[in-house]
Amino acid sequence: MKTTSKLYRTEQRYAYLFIAAPVIGFLIFAMVPLIYSIYGAFTNWDGLGSMDFIGLENFINVFKDEYFYKSMFNTIYMMLGIPIGIVLALLLALALNRGIPGTNTFRVLYYIPVISSIAAISILWQWAYNGDYGLVNQFLAIFGVEGPNWLQNTSTVKPALIIMAVWKGLGYTMLLYLAALQSVPKSFYEAAKLDGANAFKSFWHITLPMVKPVTFFIIVTNIIGGAQIFTEINVMTPTGGPEYSSASVVFYIWQKAFGNFQLGYASAMALVLGLFIFIITLIQFKINEKNSFELD
Amino acid sequence: MSKSTKKLGSLILLTIMIIGSILAGCSNSSETSGKTKDGKTAITFMFRGQPQELKAYEATVKRYEKSHPDVKVTLVQVAPDQYDTKLKAAIAGKKIPDVFFYNPAQVKAYVNSGVLKDITEYVEGSENVNIEDIWEKGVAKYRFDGETLGQGAIYGLPKDLGPFALGYNKTMFEEAGIPLPDKDKPYTLDEFINVAQQLTKDKNGDGKSDQFGAGFNIQWALQPIAWSNGADWIDETGTKVTIDTPEFAEAVQWFADQQNKYKITPSIAEAQTLDTYQRWMKGELAFFPVGPWDMATYAEQLKFEYDLIPWPAGKTGKPAAWVGSLGIGVGATSKNAEAAAELALYLSADQEGNQALVDAQVQLPNSVTVAEQWAADTSIKPENKQEFLDIINDYGRGFPAEKTYTAEWYDEFFKNIQPVLDGKMTAEEYVKEAQPKMQKLLDAAIQQEKQAKK
Numbered sequence: 021m022k023t024t025s026k027l028y029r030t031e032q033r034y035a036y037l038f039i040a041a042p043v044i045g046f047l048i049f050a051m052v053p054l055i056y057s058i059y060g061a062f063t064n065w066d067g068l069g070s071m072d073f074i075g076l077e078n079f080i081n082v083f084k085d086e087y088f089y090k091s092m093f094n095t096i097y098m099m100l101g102i103p104i105g106i107v108l109a110l111l112l113a114l115a116l117n118r119g120i121p122g123t124n125t126f127r128v129l130y131y132i133p134v135i136s137s138i139a140a141i142s143i144l145w146q147w148a149y150n151g152d153y154g155l156v157n158q159f160l161a162i163f164g165v166e167g168p169n170w171l172q173n174t175s176t177v178k179p180a181l182i183i184m185a186v187w188k189g190l191g192y193t194m195l196l197y198l199a200a201l202q203s204v205p206k207s208f209y210e211a212a213k214l215d216g217a218n219a220f221k222s223f224w225h226i227t228l229p230m231v232k233p234v235t236f237f238i239i240v241t242n243i244i245g246g247a248q249i250f251t252e253i254n255v256m257t258p259t260g261g262p263e264y265s266s267a268s269v270v271f272y273i274w275q276k277a278f279g280n281f282q283l284g285y286a287s288a289m290a291l292v293l294g295l296f297i298f299i300i301t302l303i304q305f306k307i308n309e310k311n312s313f314e315l316d
Numbered sequence: 067m068s069k070s071t072k073k074l075g076s077l078i079l080l081t082i083m084i085i086g087s088i089l090a091g092c093s094n095s096s097e098t099s100g101k102t103k104d105g106k107t108a109i110t111f112m113f114r115g116q117p118q119e120l121k122a123y124e125a126t127v128k129r130y131e132k133s134h135p136d137v138k139v140t141l142v143q144v145a146p147d148q149y150d151t152k153l154k155a156a157i158a159g160k161k162i163p164d165v166f167f168y169n170p171a172q173v174k175a176y177v178n179s180g181v182l183k184d185i186t187e188y189v190e191g192s193e194n195v196n197i198e199d200i201w202e203k204g205v206a207k208y209r210f211d212g213e214t215l216g217q218g219a220i221y222g223l224p225k226d227l228g229p230f231a232l233g234y235n236k237t238m239f240e241e242a243g244i245p246l247p248d249k250d251k252p253y254t255l256d257e258f259i260n261v262a263q264q265l266t267k268d269k270n271g272d273g274k275s276d277q278f279g280a281g282f283n284i285q286w287a288l289q290p291i292a293w294s295n296g297a298d299w300i301d302e303t304g305t306k307v308t309i310d311t312p313e314f315a316e317a318v319q320w321f322a323d324q325q326n327k328y329k330i331t332p333s334i335a336e337a338q339t340l341d342t343y344q345r346w347m348k349g350e351l352a353f354f355p356v357g358p359w360d361m362a363t364y365a366e367q368l369k370f371e372y373d374l375i376p377w378p379a380g381k382t383g384k385p386a387a388w389v390g391s392l393g394i395g396v397g398a399t400s401k402n403a404e405a406a407a408e409l410a411l412y413l414s415a416d417q418e419g420n421q422a423l424v425d426a427q428v429q430l431p432n433s434v435t436v437a438e439q440w441a442a443d444t445s446i447k448p449e450n451k452q453e454f455l456d457i458i459n460d461y462g463r464g465f466p467a468e469k470t471y472t473a474e475w476y477d478e479f480f481k482n483i484q485p486v487l488d489g490k491m492t493a494e495e496y497v498k499e500a501q502p503k504m505q506k507l508l509d510a511a512i513q514q515e516k517q518a519k520k
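Residue numbers (the working numbering), protein chains in the order written: chain A, 21 to 316; chain B, 67 to 520.
The set of hints was computed from the structure by calculation and includes no laboratory data. Computed from a prediction, not measured in an experiment: that's the story for all the values here. Any given hint could turn out to be false.
Heads up, simulated EDC-like pairs for lysine to aspartate or glutamate below, C-alpha to C-alpha not over 16 Å straight-line [stated by the list, open to error]:
{"id": "1", "chain 1": "B", "residue 1": "Lys348", "chain 2": "A", "residue 2": "Asp152"}
{"id": "2", "chain 1": "B", "residue 1": "Lys506", "chain 2": "A", "residue 2": "Asp85"}
{"id": "3", "chain 1": "B", "residue 1": "Lys274", "chain 2": "A", "residue 2": "Asp152"}
Bound conformation, chain B alone (with noise of 0.2 Å):
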């Protein structure tokens, strides 16, 4: 043999061990066994959020590792633009991870495929956590008995609950010599307007407003106008669209005047809510919605005082308002479910954890004992934080395309509403329009749903 024959046989040898350990390094060891080299527990934690909620989950994961020895966790933090994305292909490329973040609308689809555990039997059997002290609408959120949302086994635990409530400028206000909005009695839709109107003022006298009465974004202020007059997007078998009622109609009607009737919103180009935020940050707008995750913000940066009220009322009387949440599930391929689970459960309810998020004033707590704690704790601003669990425990709701198979339908709906909000269409043609191209998508939705559980 030649010198560079043995040459070019190393060469080679040397490639396939290249490529053989690229291809190994797809398949993390630790994935395949369970068990990371030192025969400790492994199990893989993928996650997204705001940086302080980031610090504050690998302080409880660190805590959680120390409590358990044996295991080891290893973090998978994912920008949030990139999460769902990111989710899919691990999911597709079936290296689910042992625990994980998801959307609660995804529970169906997620279950049906195998890709969650059922995670009952340690929730309820754990030591630790008492699952009765946990919101029970943020639990029932993880619920699916195979047919039903909302009932039957747990295949997450919420990560925490967001209730949307509405914010108003206190300061605004008290110099304008308007009586504060009651906490207890929302307004009506007219009385909102009056309100807004009287708030909706040119200060430095250039002949253009620059204070404001509202700035909301359709896309996430539309719910608690729609649902307290009585309308709603889908029925309650999920399988019709219903915004062609007049209830609908008159809700959307009324949310596009606020800009082109009443004006008491910015103008049309000035509409993006990046813009209406910074507006109601500067001061400018008299209400603005409020969500938990804003408050730190809030705290930090408003130079005027702030408290929260319920929605405007529509016809119904009954103020309506959406909660939002985020799950935390157990991969159901994990080969370390018990300590995946353990895990889980010490991210949604553990007492220190979720007490420096309350610190960090991104989310409520998960703990009732300790939410209503909170909100009585008047040294935290907003005052009126009892309006956010009002919203969870009496009126809040869940996504309206929370219980369908997939959200392109409900996504529909918002993807040609500009001209309604330009004035250029009215409400009631539009929903007569878009109506039929829902219907076609959720149609699809629970055709593919019926197909996926073969």
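Okay, chain A solo, but in the shape it has when bound (with noise of 0.2 Å):
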């Protein structure tokens, strides 16, 4: 049927009005900017003033850069706390969803750190790190362990920043979790405790694939987030940590960009990185696509 109503015409004019604000706000603060550093990435561009066109000098010696090799395994290590974060958010969320006494108190506890600015909670972790007077260290000499100095420590920065990292997401992806377990229809349970099968079975074959959209979507944006991870690392190791094993790329682009002048260097960094999460999250929905399923 075609809707060609006078109050349809109208609305649809209301309706372009209504994206248009935010389409104009993405082509002049997104789109304009993105272009202008693909094309600065092909430039010596200084952030200054001098920007001479020299090709794909620097994607070159992006690409030798041990320090941009560095970075990136960096970043990339530090996003093992997305599986973690994942595994704990789901049985946090399967826990709270039995509904145990307390259950409000207790999401309000974990979305907490959700909405804290990332800023302050660095300063209050690095705090935490401590190698004299931390927390974290002080807990571990209750059980008699003498914690490291967490962020001075080659080997300990990177967990040091996952953790926090995991801590700082719970909550999110738990709220995400918890809304997906209540919209899992109650008959299929029972149908399944009718066949036999146990608490085990009923969540490996019904739980689990039907939380799947979201378990994507959470994959899905914190990859995305994680490849962009800064802020952090920038407070809590502003020097990128012992032997440079907590910067991570974002944090590698910012000190070429505005510590040492060249913004061109960076910018093309940063597009390598961008395809680099593109690719990264097409090859998820490829895969995400080939093992979908439709409930009928």
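Given two chains presented individually in distinct reference frames, assemble the corresponding complex, making use of the accompanying hints.
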């Protein structure tokens, strides 16, 4: 049926108007800088004035730059927190979904870190990780464990950042799972029970597949976010950590751009990172398509 | 025309107006015309600092406005860790503040790219401020003739000079019955270790030391040792990284040995600055660096007496120390360069303003005469403030990267030094390994400088 009533057409115009606001905003504040930085990636732009076209030189240097690889490795390493966070969040969501007393309180408690400023949290955790007086080591001392100087040690600085990231993201992921769990029809579980499935089996064959779209969403957004990790590193290890072992790609890009007047080179790295994220996300969508199913 | 189309028309108009005003908001009208609405000269001042400093600067700006009733200054305060990013964003966006703080290491880059204004005529022609009275070495950091730093036109004035002296815990020495260090004769490196070892003690008898000789951060304390040992990071021409000399390796090794061999510092895991700083504050360290900006905190919180001495000296027998600085520059695109230069002068050398900062004990007086009176004033702790002035006048130097186009090559030195400090690698091996990497980055910086000059 074709709707061509006057009301419909007027509303359609209004709709475009409403859509226009974010679209124009996107064009001005995201698209233009994006295109500009793509151009910048092919120049020796220093951010002050000089900007000569130098072709692919920046990209060739990116792939020869040991600190680019190191920061890329650090970034990927720190994404180990993603599966850990997902498992923990799902377990928490399952527990809270059982309607135990105090559910609301727990929900609030787990959600507080999510809404707190990341810079403030980073400062708090920096104190907590302090080798001498930090909360973490004081806690470990109760069990007679002498904790390391977390942020000054090449082998502990990344795990320390991961722990913090998991803690910070837990509430958000948990809430998404909680919503997903509550939308699983109860009749499925009843049917499974009648067929003699135990708790684990119904979790494996009902709950997990039912929350899969949420899992997919979380993985995709977390990987995109994880690839751009910056603030906590900048606050907690302002020099990129011992032997540059906590520097992420974005941290390195930022140092190059704003510390060393190499905006062109930094743009090239940003472009490589952007493509990397794009490809990873594309692969995830392909995999997801293959494994997806539909309820009739 | 139907009613709804009219409505739509007005809505579109409204949207255009909103977007237009957002865009207009980006370019502050006073910046384009250089005037405020009521016809005053408008200038912006971008700065950073500790809370006491911010207050002192605000007061100085107010006084400036009072004596210049036709000028309106817009203050832009930026958090210290965001300052450089924001300044560079402002420069890239062609919105250079009229007056702003900047690091002396950036003089070359900012002059070459037309960010800084040559303010020589304003400074030398000023009636209110006598340039002769501001530290000559301070002003020299902001001189550049297009080729060499330290000479030629003035592109900024020092906000202050920050000589980094060595402090010692007087009370601890007295309790241990060790003769106090001589303020005129530096320790040799061996003497320093010897004294520090005597002061490293296990006071509560739990088998672990709880009082230490020192606890330096290599990033801020290696320079005096290396320099006084006759070594440096870079040669005089500014083109060659010279860390692979025996003198340099010796200095680095000595630095690492403080911990690994002589055990005069808290253990590896505790070597973080924050920790040693806290230990010093608690009176657990015999020696610790002191900058003028520390004085207020130390006066308030230290429960012991402290004083200043020269850093221990290596082979040359002469002490060395670094002098930091922050500059006040005028934007090259400023519409009101004269008023802006006047404000820069005011901030750097205004008597009252300077006095407020000195009273807050966060910096040295910028005026040589005031500084000398201040150093002689025994009511202000520490007693030997003259050491700060000696560093400026006699044996202080700028940071190694101050004269190069970027500091990347210098930062590289500290990036991978941890294994040496941990005793897993010798200093000799390290300097051999790091030199080529640093040289490559320095070459790149030189190349970058040439490019920017074109």
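Hint by hint, which ones does this structure get wrong, listed from lowest number up? Per hint list: zero violations.
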